[in-house]
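Peer 1: The lines below spell out each chain.
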Amino acid sequence: MGQGMAQIAVYTVVLIGLGYPLGLYMASVYTAPRFGGRWLAAVERGFYRLVGTDPDNEQDWKSYAKTVLVFSIFFFVVLYAIQRLQAHLFLNPNHDKGVPAHLALNTAASFITNTNWQYYGGESTMSYFTQMAGLALQQFVSAGVGMAVLAAVIRGIARRSAGTLGNFWVDLYRSLVYIFLPLSLILGVVLLSQGDPQTFGATVSAHTLEGAVQQIARGPVALMLAIKQLGTNGGGFYNSNSSVPFENPNGITNFLEVLAILLIPAGQVFMFGKMVLAKRHAAMVLASMVVLFLVGVAIAFPAEQHGSQVLRSSGVNITHSSLQSGGNMNDKEVRFGIADTALWATATTDASNGSVDGGHDALTAFGGMVPILNMFFGEVVFGGVGSGLYGMFFYIVIAVFIAGLMVGRTPEWLGKKIEAREIKYAAVGALFVPTMVLTLTAISIATKLGLASIFNPAAHGFSETLYAYTSQSNNNGSAFAGFGLTNFSAELGAVALFLGRFVPLLSALALGGALGKKKIVPASAGTFRTDGPTFAILLVGVILLTAGLMVFPALTLGPIVEGLTH
Amino acid sequence: MLRDLRASVVAGVIFTAVLGLAVPALFTGFAQLAFTSQANGSLITRNGVVVGSRLAAQAFTKPRYFHERPSATSPPYNAAATTFSNLGPTNPALAKAVQQNARAVLKLEGPYNPGLTIHQIPVDAVTTSGSGIDPDISLAYAQLQAHRVAAVRHLPLSTVQKLVSENTDGRSLGFFGESGVNVLELNLALDKLGGS
Chain H
4 MGQGMAQIAV YTVVLIGLGY PLGLYMASVY TAPRFGGRWL AAVERGFYRL
54 VGTDPDNEQD WKSYAKTVLV FSIFFFVVLY AIQRLQAHLF LNPNHDKGVP
104 AHLALNTAAS FITNTNWQYY GGESTMSYFT QMAGLALQQF VSAGVGMAVL
154 AAVIRGIARR SAGTLGNFWV DLYRSLVYIF LPLSLILGVV LLSQGDPQTF
204 GATVSAHTLE GAVQQIARGP VALMLAIKQL GTNGGGFYNS NSSVPFENPN
254 GITNFLEVLA ILLIPAGQVF MFGKMVLAKR HAAMVLASMV VLFLVGVAIA
304 FPAEQHGSQV LRSSGVNITH SSLQSGGNMN DKEVRFGIAD TALWATATTD
354 ASNGSVDGGH DALTAFGGMV PILNMFFGEV VFGGVGSGLY GMFFYIVIAV
404 FIAGLMVGRT PEWLGKKIEA REIKYAAVGA LFVPTMVLTL TAISIATKLG
454 LASIFNPAAH GFSETLYAYT SQSNNNGSAF AGFGLTNFSA ELGAVALFLG
504 RFVPLLSALA LGGALGKKKI VPASAGTFRT DGPTFAILLV GVILLTAGLM
554 VFPALTLGPI VEGLTH
Chain Z
59 MLRDLRASVV AGVIFTAVLG LAVPALFTGF AQLAFTSQAN GSLITRNGVV
109 VGSRLAAQAF TKPRYFHERP SATSPPYNAA ATTFSNLGPT NPALAKAVQQ
159 NARAVLKLEG PYNPGLTIHQ IPVDAVTTSG SGIDPDISLA YAQLQAHRVA
209 AVRHLPLSTV QKLVSENTDG RSLGFFGESG VNVLELNLAL DKLGGS
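First to last, the protein sequences are chains H and Z. Residue numbers for the first sequence follow this note's numbering, so the first one is 4 and each next one is one higher. Residue numbers for the second sequence follow this note's numbering, so the first one is 59 and each next one is one higher.
Hints in this document: simulated from the structure, not taken from any laboratory. As the structure is a prediction and not an experimental result, all values here were calculated from the model. In this text, a Cβ means the ideal position worked out from N, Cα and C, and glycines have one as well. Do not take every clue at face value.
To be verified - Derived DMTMM-like pairs: lysine to aspartate or glutamate, alpha-carbon spacing no greater than 20 Å straight-line:
1) H:K451 <-> H:E422
2) H:K69 <-> Z:D62
3) H:K65 <-> Z:E224
4) Z:K120 <-> H:E494
5) Z:K250 <-> Z:E224
6) Z:K250 <-> H:E213
Claimed, not checked - Computed beta-carbon distance windows for the label pairs:
7) H:A286 <-> Z:A80: 51 to 59 Å
8) H:P96 <-> Z:I72: 25 to 33 Å
9) Z:S223 <-> H:V13: 22 to 30 Å
10) Z:Q158 <-> H:E213: 47 to 55 Å
11) H:L408 <-> Z:L63: 22 to 30 Å
12) Z:P133 <-> H:P185: 35 to 43 Å
All chains, full assembly: derive it from the sequences and hints.
Peer 2: Okay, structure coming up:
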C-alpha cells in the first residue's frame with residue numbers, strides 16, 4: 004500500500020505543479036489579441052477569412068450558443084455518414100464493414116459530445132479512416148468546443164456591463180492549435196517511443212511458439228491515444244481501452260496517460276483565476292476539487308486492495324507482497340496492479356474522460372461506487388475540458404446563494420450580484436442531468452427492452468444500468484462494460500448524450516451572458532468571502548448535498564446493497 | 059443560421075483535412091522512420107517469421123512453457139478483439155471461473171511443487187486480465203511455474219529462475235506501475251537456451 008500511496012502522492016503534486024504554468028499559458032491563449040509570432044498569426048487570420056468571420060466581431064451568448072449547436076450537429080451528421088460508408092472509403096486495410104445504423108447513431112452522438120461511450124470494439128469495428136478522420140478528429144474538436152465555451156463563460160464573469168462573450172471561431176481555433184495539438188504531439192511521441200503503434204499497416208498474423216496463428220491489431224494508435232487522454236475523451240482504439248498494452252505499454256505511459264486526464268482540467272482552474280483576477284478564489288475551488296479527488300482515491304484503492312468476496316473466499320492468495328500486487332486483479336493488468344488502476348478509475352470519472360486501464364464492471368462494490376459518485380457530481384472534480392469548470396460554476400452560484408440566505412444579504416460572486424435569473428440557470432445546469440440520469444435508469448430498469456442490456460445478475464446488474472446512464476448523461480464514456488448494445492439502449496443513450504452535453508452547456512453560456520451584463524459592486528462587510536477555506540468547505544458541502552443526496556437512494560439499490568450483503 | 063452552417067462546413071473541411079488526415083499522416087511517417095519497431099506493433103521475429111508481439115500475450119498450453127494469465131477474448135489471447143471478462147465482484151460465474159482456473163493450476167503445478175495448496179496460487183493466475191492479452195504475469199506466478207518448466211526441460215531450477223529475473227520488467231523508472239514477467243520473451247529465451 005505504501006508504494007501505491009507514494010505513486011498517488013507524486014501524481015497529485017505533479018498534476019498541480021504542471022497545471023499551474025499550463026493554466027497561465029491557456030489564459031494568455033484566450034485573452035491575447037494576437038497570439039504567437041507573425042507567421043502563426045497569419046495562418047490564424049487565413050482561417051478566419053476562409054470561415055468568414057471577423058475575429059474582432061464578438062458574439063452575445065445566444066449567438067455563441069447557436070454557432071456551437073450548428074457546428075456540433077453538422078459534425079454529428081458527418082460522423083454518422085463516415086461510419087455508415089467506411090467500407091467504401093480509403094484507409095480500410097482490414098475491410099471493416101459499414102457500422103450498423105443504431106450503433107453509428109449512438110457513436111456519432113457519443114463523440115461529438117466529448118463522451119466517447121463505446122458500444123463497439125474499436126479494433127474490430129472501425130476502419131483506420133473512421134478512427135482517425137472521424138473519431139480522433141472529434142476528440143480534438145469536441146474538446147475544443149468545451150474549452151471555447153468555458154473561455155466565453157469566464158469572460159462573462161470577468162467583464163462588466165458587457166453584451167458579448169467572445170467569438171466562437173477564435174476560441175475554437177486557439178484551443179485546437181495552441182493547446183490540444185501541441186500537447187498531443189508531445190504526448191504522442193512519448194507514447195510512440197514506449198510502444199504505442201502508429202501505422203497504416205493491417206492486422207498482423209503471427210505464428211506463435213506453439214504453432215497457432217494469432218491476429219494482432221495495429222493502426223494509427225499513438226496520436227489518437229494522446230488526444231484521447233488530453234481532451235477528456237476516453238474513446239480508445241482498442242476495445243479494452245488503456246488496459247491494452249498497445250495503448251498503454253508500461254508504468255510510465257500509465258502515469259503520463261492518467262496525468263493527461265486531469266492536466267488541462269487542473270490547468271483551467273488556474274486559467275480561471277488569472278482571467279477573473281481572483282487567484283485566491285480559484286485556489287479555494289481547486290482545494291475543494293483536490294479534497295474530493297483524494298476522498299475518491301482513499302475509498303477506491305483500499306476497496307480494490309481488499310478484494311472482492313468471491314476472491315477472498317476462493318482461497319487463492321490475494322495478499323500484497325513484493326511478488327504480486329494482490330487484491331482484486333480480475334480484469335486488471337499486472338503492470339498496473341491495484342493502486343494505478345484505482346487511481347485511474349477515480350481520475351477518469353472526476354473528469355469526463357472515461358478511458359480505463361482496467362475493467363470497471365469487475366471493480367468491487369465500493370471501488371465501483373466511487374466512479375458512479377464522481378460522475379453523478381457532474382464531473383466537476385477538475386472535470387471535463389471546459390465542461391468540468393463551467394459545471395462547477397453552477398455549484399459555486401448555488402453555494403454563494405445559500406451563503407447569502409444564511410447571512411441575509413444579496414449573494415455576490417466576484418463582485419456580481421446573484422439574482423433570480425442566475426439562480427435559475429445554475430439550478431438547471433446543476434440539476435437537469437442528475438434528474439435525467441435517474442429517469443433514464445428507471446426507464447431502463449422498468450422495461451424489458453432495458454433489462455436486455457444487463458450482463459451481471461442481481462444488484463450488480465442494477466449498478467450496470469445506473470453506471471451506463473450516469474456515464475452517458477455526464478458525457479463520461481466509461482462503462483460497466485458488460486452492459487450491452489440493443490437498439491433501445493443505443494437510442495436511449497443517444498438522448499442522454501445529447502441532452503447531457505447541451506443542456507448544461509447552454510445553461511453555462513446563459514449564465515455567462517447574464518453575469519457579463521452586470522456591474523461590479525464593491526465588496527462590503529456583508530459580502531460572503533469566496534477566497535477562504537469556509538467557502539471551500541461550503542462548496543464541497545453543496546456538491547455532496549445536491550448531487551450526493553439525489554443519487555444516494557439509487558446507490559443503495561446497487562453498490563451499497565452489493566457491498567453490504569457480501 | 060445559414061452563415062453558421064456555411065462557416066461550420068468550411069471549418070469542418072479544414073479540420074478534417076489538417077487534424078484528421080494531414081497531421082496523423084505526417085505523424086505516421088515520422089513514427090515509421092524514428093520508431094519503426096514500436097510503430098508497427100513491437101513485433102518479434104524468429105528465423106524471419108513473426109512469432110508475436112512483446113506487448114501481447116499468446117496462448118501457451120504445453121508444460122515446457124510458462125503460461126499466461128487467463129484471457130476473456132474469443133479465442134483466448136485474441137490481440138485483434140480485446141475484452142474484459144466483465145464478471146462483477148459477486149457474480150457466481152466469477153466464483154466458478156476462479157475455482158476452475160485454480161484447479162487447473164493445482165493440477166498442472168502440483169506435481170512439481172510438492173505440498174502446493176490453493177492458498178499459494180497468486181490471484182493473477184486465476185483471474186482474467188483487462189485486455190485479455192496482458193503480456194505479464196506476477197513474479198509470484200512465474201516462480202510457481204519455474205519448478206515445472208525446469209523439470210520438464212531438465213534444466214537446473216537456478217537457470218530458469220535466472221531467466222525469469224532477466225525477463226522481469228521492474229517498475230518504470232523504478233517507481234511507476236508494478237513489476238511483471240514478460241511471458242513471451244521469457245519463453246523465447248528458454249527456447250534459445252535449448253533443453254529437451
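Peer 1: All hints are to be evaluated individually against the structure, with a verdict given for each.
Peer 2: Hint by hint, here is what the structure shows:
A C-alpha spacing of about 45 Å is found between H:K451 and H:E422, which places the hinted pair above 20 Å, so the restraint is violated. The straight-line distance between the Cα atoms of H:K69 and Z:D62 is roughly 8 Å, inside the 20 Å bound, and the hint therefore holds. This hinted pair does not check out: H:K65 and Z:E224 have alpha carbons roughly 63 Å apart, beyond 20 Å. Taking the CA atoms of Z:K120 and H:E494, the gap is near 47 Å; set against the 20 Å cutoff, the hint is violated.
Taken as a hint, the Z:K250 and Z:E224 pair is honoured in the structure, with Cα atoms around 14 Å apart against an allowance of 20 Å. Our distance criterion of 20 Å between C-alpha atoms is met by Z:K250 and H:E213, whose separation comes to about 15 Å. Restraint check, H:A286 to Z:A80: a C-beta distance of roughly 41 Å breaks the suggested window 51 to 59 Å. A hinted range of 25 to 33 Å for the beta carbons of H:P96 and Z:I72 is consistent with their spacing of about 27 Å.
A beta carbon spacing of about 27 Å between Z:S223 and H:V13 agrees with the range 22 to 30 Å that was offered as a hint. The given range of 47 to 55 Å is broken by Z:Q158 and H:E213, whose C-beta atoms sit roughly 21 Å from each other. Checking the proposed 22 to 30 Å range against H:L408 and Z:L63 shows it is violated: the Cβ atoms sit about 45 Å from each other. Look at Z:P133 against H:P185: about 42 Å separates their beta carbons, and that is inside 35 to 43 Å.
Violated hints, in rising order: 1, 3, 4, 7, 10, 11; the structure is consistent with all others.
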